[in-house]
Amino acid sequence: MGEMVSRRVFLGGALAGLASGAWAGAPVRSLVPLRRPDGFSLRTLPGAADLIAAANLGGQVGCVVADARSGRVLEAVNPVRALPPASVVKALTTAYAFDHLGPGYRFRTRLIADGRLTDGRLDGDLWLVGGGDPLLDTDALNDLARDMAEAGLREITGRFRVAHEALPLIAAIDPDQPMQVGYNPAVSGLNLNFNRVHFEWQRGTDGYEIHLDARSHSLRPPVTVSRMQVVDRGAPVYLYEATEEREEWSVARGALGENGARWLPVRRPHAYAAEVFQVLARSRGVVLGAPVFGGTPPDSGLVMAEHVSDPLEDVLRGMMRWSTNLTAEVAGMLATQASGVRPAGLRQSAEEMSRWLQERHGLRRLSLVDHSGLGDESRISAREMVRALVGSGANGNLRRVMKDIAMRDDRGRPMEDHPVQVVAKTGTLYFVSALAGFARAPSGRDLAFAIFCGDVDRRTTLDPADETRPRGARSYNARAKALQQALIERWAAVHA
Numbered sequence: 088m089g090e091m092v093s094r095r096v097f098l099g100g101a102l103a104g105l106a107s108g109a110w111a112g113a114p115v116r117s118l119v120p121l122r123r124p125d126g127f128s129l130r131t132l133p134g135a136a137d138l139i140a141a142a143n144l145g146g147q148v149g150c151v152v153a154d155a156r157s158g159r160v161l162e163a164v165n166p167v168r169a170l171p172p173a174s175v176v177k178a179l180t181t182a183y184a185f186d187h188l189g190p191g192y193r194f195r196t197r198l199i200a201d202g203r204l205t206d207g208r209l210d211g212d213l214w215l216v217g218g219g220d221p222l223l224d225t226d227a228l229n230d231l232a233r234d235m236a237e238a239g240l241r242e243i244t245g246r247f248r249v250a251h252e253a254l255p256l257i258a259a260i261d262p263d264q265p266m267q268v269g270y271n272p273a274v275s276g277l278n279l280n281f282n283r284v285h286f287e288w289q290r291g292t293d294g295y296e297i298h299l300d301a302r303s304h305s306l307r308p309p310v311t312v313s314r315m316q317v318v319d320r321g322a323p324v325y326l327y328e329a330t331e332e333r334e335e336w337s338v339a340r341g342a343l344g345e346n347g348a349r350w351l352p353v354r355r356p357h358a359y360a361a362e363v364f365q366v367l368a369r370s371r372g373v374v375l376g377a378p379v380f381g382g383t384p385p386d387s388g389l390v391m392a393e394h395v396s397d398p399l400e401d402v403l404r405g406m407m408r409w410s411t412n413l414t415a416e417v418a419g420m421l422a423t424q425a426s427g428v429r430p431a432g433l434r435q436s437a438e439e440m441s442r443w444l445q446e447r448h449g450l451r452r453l454s455l456v457d458h459s460g461l462g463d464e465s466r467i468s469a470r471e472m473v474r475a476l477v478g479s480g481a482n483g484n485l486r487r488v489m490k491d492i493a494m495r496d497d498r499g500r501p502m503e504d505h506p507v508q509v510v511a512k513t514g515t516l517y518f519v520s521a522l523a524g525f526a527r528a529p530s531g532r533d534l535a536f537a538i539f540c541g542d543v544d545r546r547t548t549l550d551p552a553d554e555t556r557p558r559g560a561r562s563y564n565a566r567a568k569a570l571q572q573a574l575i576e577r578w579a580a581v582h583a
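Using the working numbering, read the sequence shown as starting at 88 and increasing by one per residue.
With beta-carbon atoms standing in for the labels, derived distance ranges:
| # | residue 1 | residue 2 | range |
| --- | --- | --- | --- |
| 1 | Gly-499 | Val-543 | 21 to 29 Å |
| 2 | Arg-159 | Gly-341 | 53 to 61 Å |
| 3 | Arg-333 | Arg-452 | 40 to 48 Å |
| 4 | Gly-372 | Gly-427 | 42 to 50 Å |
| 5 | Ser-157 | Asp-263 | 37 to 45 Å |
| 6 | Gly-372 | Asp-319 | 42 to 50 Å |
| 7 | Thr-244 | Pro-557 | 53 to 61 Å |
| 8 | Arg-487 | Asp-234 | 26 to 34 Å |
| 9 | Pro-385 | Val-543 | 49 to 57 Å |
| 10 | Asp-234 | Glu-331 | 26 to 34 Å |
| 11 | Glu-331 | Arg-159 | 58 to 66 Å |
Dumping the calculated EDC-like pairs for lysine to aspartate or glutamate here, alpha-carbon to alpha-carbon at most 16 Å:
| # | residue 1 | residue 2 |
| --- | --- | --- |
| 12 | Lys-490 | Asp-401 |
| 13 | Lys-490 | Glu-503 |
| 14 | Lys-490 | Glu-400 |
Read the hints as simulated data drawn from the structure, not as lab findings.
The beta carbon of each residue, even a glycine, is placed where N, CA and C say it ideally should be.
All chains, please: the whole structure from these sequences, using the hints.
Below, the structure is given as structure tokens:
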């Protein structure tokens, strides 16, 4: 009897807080269970469909909760309705990469000497060989340059070769996104700084002083493969053009204001990485010629320096926390290649991942266009998502890298002592909010759940080139997140 009362009080308080805070305008009476005599059944609490109706999101909502060990579905609303999963796709990509590459997989970026090294002179070519590392940064390249110099290399008579074809070059993850957003970079076998260049401007008496660099925690090497011009025009704010030599950007003068900075995407990351390495090598006395791109280094070459990433498990844990699109695309495409298929692009690789999900976990109602969820054409139902979660294991590798999701009080503050423990992947696009993962009820029972909210019709009215937040998007997201918490708290109480 005591357990029943405590669960009733816990759920009632949580829903009351949501109704009075984040759910401004929602009908409070339908959400808050009143105190009842002993024997009150938890079945009288508002059901999932009631909570969805009270959220008044518009569009569609699909949700499923199941026992994470047996897979038995405990409650569902619109379970087979396919909706955009947004970044929740990264959870599927993580399971796919763990299966094909293994949690201990490491990315390797190497410097290889092809020739005879005598008294600091290399009679031959020097290769910079990418392994697809999505976390490679300027500091890591600087370490390679340092190790090269410490190995005694001072002069190169041959060419500076750059091998970047460990993955096919993808100019942009989603070509429909605004061209200037840093979360939509290129994908390559040689990546640097999440394939972004730092653009900084300072207003002076004679106009703007512009800086483009490959900054890291400690270094700011200048970059010329990307170039920016400030021009007099009203719109668009940014324009981009790729020439044979560099990536040309222009920005409307009136959009800059006084001083500022932002990251811009790089569409030719191999050229970006090559230039930055040239600068770093020169600072250590080694002058490299113009880079020659493509090709495969000889197996007999001498590895002069190597950067080895953290294990894939740690890399993907960071991806699940920060939702880095580049990491997801690299991991997914490498997993596809490990399966024996060399994909021509992201869509083909995502199709291979979908095929694996069908064969491994029995998923049927899904259509994926990438590994990150950035493309809004992807669709999956809540039932299929929960099948994948259950198939990954109640305490499997996927769960171990998921992000802790804080339950919040009626003022939006995290509740550290909340009795429900949630790890999950979030997904957000304008008028799309998704959450999928695992919840541990106060009783210790593990639940697998997926909640997909999407107003697809409203999304079709948006201008994909517009970087500004559309009207109503913020409130939609807030109400969707409140709904997600209310559903989880209901499930943890009713199905514990």
